[in-house]
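Novice: Sequence:
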Amino acid sequence: MAATDRSRSEAAKQRRQDQLQRWLGSETDQTGPGTRDGSTGTGTRRARVRFAQGAVFMAACSAGDREEVAALLRQGADINHANIDGLTALHQACIDENAEMVQFLVESGSDVNRGDNEGWTPLHAAASCGFIQITKYLIEHGARVGAVNSEGELPLDVVTEDAMERLLKGEIKKQGVDVDMARREEERVMLADANAVLAGSGVLTPHPNTKATALHVAAAKGYIEVMKVLLQCGLDLDSGDVDGWTALHAAAHWGQQEVCSLLADNMCEMAALNNVGQTPLEVADDTLVDTLEELTKKQNSVSLFRRPNGILCPIKCTTINIKYIFDLFNSFFFFFYNMIPCVLFHSVDVSTILQFYKIVKLKGNT
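Residue numbering for the sequence shown follows the working numbering, starting at 11 and increasing by one per position.
Just so you know, these hints were derived from the structure itself, not from any lab.
The beta carbon of each residue, even a glycine, is placed where N, CA and C say it ideally should be.
Treat the hints with care, as some may be off.
Said to hold, decoys possible - Within a straight-line C-alpha distance of at most 30 Å, the following computed BS3-like cross-link-like pairs (lysine-lysine) qualify: (1) K238 to K221; (2) K184 to K146; (3) K183 to K238; (4) K146 to K183; (5) K179 to K221; (6) K238 to K184.
As the list claims (entries may be wrong) - Restraint-style ranges between C-beta atoms, simulated for each label pair: (7) K308 to G212: 29 to 35 Å; (8) L283 to A206: 38 to 44 Å; (9) A81 to K146: 27 to 33 Å; (10) K308 to S249: 20 to 26 Å; (11) K184 to K307: 54 to 60 Å; (12) V299 to V199: 31 to 37 Å; (13) S72 to S211: 21 to 27 Å; (14) W264 to K308: 18 to 24 Å; (15) E110 to Q63: 34 to 40 Å; (16) S72 to G212: 35 to 41 Å.
Let the sequences and hints guide you as you build the complete structure.
Specialist: In structure tokens form, the structure reads like this:
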């Protein structure tokens with residue numbers, strides 16, 4: 011790799027190298043300590059440690075060993091196997107500027123539009139590194155120039171080189187991609203999926219690696235209309251992702267004030283703890299600290315209406331219940347305050363009292 015290419019790709023490679031190291035540790039740590047030296051400690055020799063096929067496949071791809079990669083594929087290895095951070099072998103080959111491995115993987119069926127946990131596709135990776143040859147190859151084989159990552163960024167948005175920018179802008183124009191529509195595509199798809207679930211014809215599945223739900227994603231990104239539909243679907247508002255973050259943690263951290271209000275109004279747990287013992291308030295954007303404190307106070311005042319089975323009554327129902335109780339109390343108070351003196355001091359008969367109460371009740375219903 012040329013010195014200038016190393017400079018262009020340094021940030022992307024470092025970011026993904028950190029991910030790769032965490033993945034390698036998690037794979038090997040699946041083997042118990044008693045098996046690492048090949049014996050049980052009781053004199054009985056145990057089988058040699060066997061690494062997961064996905065780990066072996068990724069290692070062979072990183073080493074550029076096409077014969078080993080081909081052999082593993084014949085044995086049933088998943089060409090789209092992803093590590094704990096969602097990186098596939100194709101992502102890594104793009105980052106490493108291994109054009110031959112990129113071509114081999116694509117021709118063998120690798121998904122050119124597969125996103126990692128942060129929504130980065132192989133095209134995002136190649137574009138951010140400035141690798142023109144690989145970028146052109148990916149586009150020629152179906153990579154979408156309108157793909158958006160978790161930050162709402164197109165491959166065009168992560169480039170640092172003029173030549174790459176010209177290439178991607180040219181492809182966007184050539185393909186007639188509406189950039190604004192592309193940025194809103196995720197929200198549109200999520201809204202359609204949420205409506206399908208509400209209608210009973212869809213299913214929402216957490217992310218296989220991060221365990222983030224649609225509620226987490228919509229909360230973090232401020233997709234208000236999606237949130238409103240999801241809140242009608244009977245979802246667990248306090249479900250945690252792999253780090254124990256709830257939707258409120260996500261909304262608070264990313265400064266989504268309206269989402270925080272929606273979740274609080276629907277009686278989410280304001281003091282939920284993530285895996286390191288942090289509440290949403292403790293991970294919140296500074297601009298939302300006062301808001302979260304006020305929402306907590308407000309929620310505490312109506313916490314009486316949380317159902318015993320953990321399923322929450324919509325805030326609209328809660329509001330109606332409070333109003334009904336208040337009106338009922340007010341009617342009885344007005345009635346007894348006015349009628350008891352009449353009974354005690356003016357000998358008013360019962361029929362008159364009942365007639366007066368009917369008038370009061372009728373007035374209260376208008």
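Novice: Take the hints in turn and mark each one as holding or not.
Specialist: Verification of the supplied hints:
no. : hint                     : result
1   : K238 to K221             : 21 Å, holds
2   : K184 to K146             : 14 Å, holds
3   : K183 to K238             : 35 Å, violated
4   : K146 to K183             : 15 Å, holds
5   : K179 to K221             : 35 Å, violated
6   : K238 to K184             : 37 Å, violated
7   : K308 to G212: 29 to 35 Å : 32 Å, holds
8   : L283 to A206: 38 to 44 Å : 32 Å, violated
9   : A81 to K146: 27 to 33 Å  : 29 Å, holds
10  : K308 to S249: 20 to 26 Å : 23 Å, holds
11  : K184 to K307: 54 to 60 Å : 56 Å, holds
12  : V299 to V199: 31 to 37 Å : 33 Å, holds
13  : S72 to S211: 21 to 27 Å  : 42 Å, violated
14  : W264 to K308: 18 to 24 Å : 21 Å, holds
15  : E110 to Q63: 34 to 40 Å  : 23 Å, violated
16  : S72 to G212: 35 to 41 Å  : 38 Å, holds
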